[in-house]
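The residues making up each chain are set out below.
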Amino acid sequence: MGCIYGLVALGFVLIYKATELVNFAQGDLLMLGAFTCYMFVVWYGVGYWTALALAVALVGLFGAALDATILRRVIGQPQFSVVMLTIGLGAIFRSFASIAWGSEIYTLPTPFSARATRVAGVAVSHEYVSIIVGTVLLCGLLYAFFTFTRVGLAMQAASQNQLAAYYMGIPVKLMFSLIWAISAGVAAIAGVLLAPVSLIDINLGFIGLKAFAAAVLGGFGSIPGALVGGITIGLIELLSGAYLPQGFKDVAAYVVLLVVLAVRPQGMFGRIARKKV
Amino acid sequence: MRFIFKTSYTQDLGIFRDDVQRNWYLALLIGLLVLPLLIPAYLVDVSLVFIYGLCGLSLMVLAGYTGLVSLGHAAFLGIGAYTHVYAIQDLGLPWIVGVALACMVTSVAGVLVGLPALRMTGVYLSIATLAFALIIQEVLTRWERVTGGLKGKPVDKPVVFGVYLGGDAAFYFLCLVFLIAGLWLTGNLLRSPTGRAWVAIRDSEIAAQSMGVNLAVYKTSAFAYSAALMGAAGALFAHKIGFLAPDIFSVLLSIQFLLMVVVGGLGSLHGAFFGAVFVAMLPVAISQARDLIPAWASALVGPFGKDAGAAAFLAVDQFVKKPGLEPGLFGLILVLFILFEPLGIYGRWRKIQLYFSTFPLYKRATFRRQKAYMRSERLR
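The listed protein sequences derive, respectively, from chains A and B.
Numbering-wise (the working numbering), the first sequence opens with residue 1 and increments by one.
Numbering-wise (the working numbering), the second sequence opens with residue 278 and increments by one.
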């Protein structure tokens with residue numbers, strides 16, 4: 001579970017790093033990804049892996065289109081309008097999903113379903129293994145992408161100073177669209193990985209709220225931070241469910257979020273610089 | 278184009294710009310006073326508009342004037358409503374004391390949220406208030422001794438100073454009195470040093486700080502005042518809906534309040550009220566449209582054959598009756614407003630006003646926004 005929070009948080013962090021927009025619709029992109037994959041697997045009978053690839057590609061393209069048509073217009077405006085915009089978009093996605101796929105609850109059949117391996121005497125279901133492996137792979141890949149490739153470096157440059165990056169010959173608009181595509185793709189993967197564990201319905205997106213806690217805990221803007229934050233939140237939730245009275249499990253993530261924001265707003269791995277005048 | 282030439286300080290101190298403006302507001306007030314005679318059937322809806330107006334006012338002070346965006350204002354509404362009902366029904370306190378208590382408790386809650394907010398800026402604050410709202414919702418669900426939990430809590434009709442105000446018209450006037458009091462208080466507060474300090478913080482924290490504005494004091498006071506307004510609105514809201522349950526005060530309600538502020542126009546008291554009218558009337562309009570649109574569609578397709586008309590009616594009817602449509606529509610309106618009319622309804626109203634007052638010299642460019650590049654908010 002923690003890994004899923006980490007994955008969704010990763011999506012937030014990617015977009016925040018690059019464009020300084022906070023995407024409140026990230027959870028809903030995750031929901032769209034899960035539904036798309038479900039649609040391919042169950043309605044059209046495509047294989048699981050093909051469906052996963054198709055879902056990621058489709059949602060990624062959708063993310064890029066979203067940036068090109070809508071979100072590009074609000075860059076440079078106060079963050080408030082961006083927050084409202086993405087909240088509005090999230091509501092539209094949910095509404096669209098409920099019209100297109102109905103408000104029933106679905107289960108996604110996967111190659112991992114109902115199989116388990118015994119590790120040191122504890123049965124570990126393959127679904128959870130798939131989540132953990134997928135998360136670690138994806139994180140490593142993204143980290144390498146941002147640190148070692150030219151495009152990744154260009155993205156970092158674009159996020160630090162738009163105008164300067166533009167003068168250096170970096171196609172800033174394309175970079176932003178690309179970032180959105182990657183982020184939406186990550187959300188789709190998270191959705192597909194999550195689908196077998198928690199069923200698919202239109203409210204899947206609310207997991208995004210808990211992923212916020214993960215992103216903030218790790219420091220908004222740090223890729224390893226998002227992952228560590230996600231796992232921490234997952235563990236805290238698990239432990240508070242086991243040791244604290246009923247009801248604490250659901251709010252534990254938010255309590256942690258508030259405490260972190262009050263005590264150390266930059267999170268575990270974040271940096272905050274103060275403007276000098 | 279008309280210039281106001283001020284010749285005395287009293288002119289500057291008055292609430293209204295000039296006599297013309299004052300007369301217009303008087304006319305509006307008289308209109309509102311005789312409204313119960315004209316549309317007795319819709320008074321309940323209009324009372325809701327007033328309550329939402331109070332909520333909009335509260336969020337406008339925080340988001341529109343101080344620049345602190347709260348995604349959890351429904352939590353304050355909930356705290357206010359539950360405090361009020363608990364005070365008058367379980368503790369047996371007088372009605373007006375209940376309202377005062379609701380205001381006090383919510384403003385304390387506001388300070389509690391506002392204190393950590395001193396260390397955060399921008400989006401972090403929105404996220405923190407969101408988390409606060411979710412925690413409060415859970416508390417309202419679990420603290421059954423006071424809130425009644427998921428079973429809910431029925432609310433009696435209001436009795437103020439021994440006078441029964443449960444009728445539609447009486448409740449309408451009660452809400453109107455509260456709204457006018459709130460408007461008067463807020464309007465005056467915003468013209469005072471406190472209000473100026475809030476606006477300064479909104480425009481630039483660093484500039485405000487270097488001009489001697491104490492950020493801690495003014496940010497917290499903005500939170501406290503906004504929450505207190507919300508508490509009063511909550512007390513009225515409890516009587517309006519007549520039955521309290523924790524899931525009413527959800528994140529969606531908070532988002533509706535934000536929608537109100539954005540659609541109305543950030544940074545204007547008029548905007549809060551325009552937004553309230555819009556948000557309160559939208560569900561009514563949607564349900565009306567649900568019945569009308571299928572008929573229009575069939576009339577549109579009708580000329581292509583009788584069966585086509587009937588089929589279109591069925592298809593469109595099925596589409597518009599899907600349950601998930603309404604929040605999507607809210608989202609769509611929000612997106613369209615932010616993209617095409619960031620100044621909201623009030624901004625459009627100002628543009629129309631300016632068009633006529635400067636006729637034939639109106640320039641589109643007056644309101645055109647500067648081309649903006651991304652400004653990093655990480656360096657604040």
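Possibly wrong hints are sitting among the right ones.
Stated by the list, open to error - If you want the footprint, here are the derived chain A segments under chain B, 3+ residues with CB under 8 Å: (1) 88 to 97; (2) 206 to 220.
Said to hold, decoys possible - Pairwise CB distance ranges (calculated): (3) B:311 <-> A:68: 51 to 59 Å; (4) A:77 <-> B:368: 19 to 27 Å; (5) A:69 <-> B:286: 25 to 33 Å; (6) A:167 <-> B:301: 51 to 59 Å; (7) A:160 <-> B:634: 30 to 38 Å; (8) B:480 <-> A:141: 38 to 46 Å; (9) A:160 <-> B:392: 26 to 34 Å; (10) A:77 <-> B:388: 27 to 35 Å; (11) B:527 <-> A:141: 36 to 44 Å; (12) A:68 <-> B:370: 53 to 61 Å.
Calculated from the structure, these hints are not laboratory results.
Even for Gly, the Cβ is constructed at its ideal location relative to N, Cα and C.
> Is the distance from the Cβ of residue 77 of chain A to the Cβ of residue 388 of chain B consistent with 27 to 35 Å?
Replying inline: holds (30 Å)
> Do residue 77 of chain A and residue 368 of chain B keep their Cβ atoms within the hinted range of 19 to 27 Å?
Replying inline: Check failed, 48 Å falls outside 19 to 27 Å.
> Count the residues of the stretch 88 to 97 of chain A with a beta-carbon closer than 8 Å to any beta-carbon of chain B: does the count reach three?
Replying inline: holds (count 9)
> Regarding residue 167 of chain A and residue 301 of chain B, is the given constraint of 51 to 59 Å on their beta-carbon distance met?
Replying inline: holds (52 Å)
>> Please check whether residue 160 of chain A and residue 634 of chain B have a Cβ separation lying inside 30 to 38 Å.
In response: violated (45 Å)
>> For the hint 53 to 61 Å, verify it against the beta carbon of residue 68 of chain A and that of residue 370 of chain B.
In response: At roughly 58 Å between Cβ atoms, residue 370 of chain B and residue 68 of chain A fall inside 53 to 61 Å, so the hint holds.
> Is 38 to 46 Å right for how far apart the beta carbons of residue 480 of chain B and residue 141 of chain A are?
Replying inline: holds (43 Å)
> Do the beta carbons of residue 311 of chain B and residue 68 of chain A sit within 51 to 59 Å of each other?
Replying inline: holds (53 Å)
>> Holds or violated: the 25 to 33 Å window for the beta-carbon distance between residue 69 of chain A and residue 286 of chain B?
In response: violated (53 Å)
>> Between the beta carbons of residue 527 of chain B and residue 141 of chain A, is the distance compatible with 36 to 44 Å?
In response: Given range 36 to 44 Å: holds, Cβ gap about 37 Å.
>> Closer than 8 Å Cβ to Cβ for three or more residues is the test here. Does the stretch 206 to 220 of chain A pass it with chain B?
In response: holds (count 5)
>> Given a hint of 26 to 34 Å, does the C-beta separation of residue 160 of chain A and residue 392 of chain B actually sit inside it?
In response: holds (32 Å)
Of the numbered hints given earlier, the model fails hints 4, 5, 7; all others are met.
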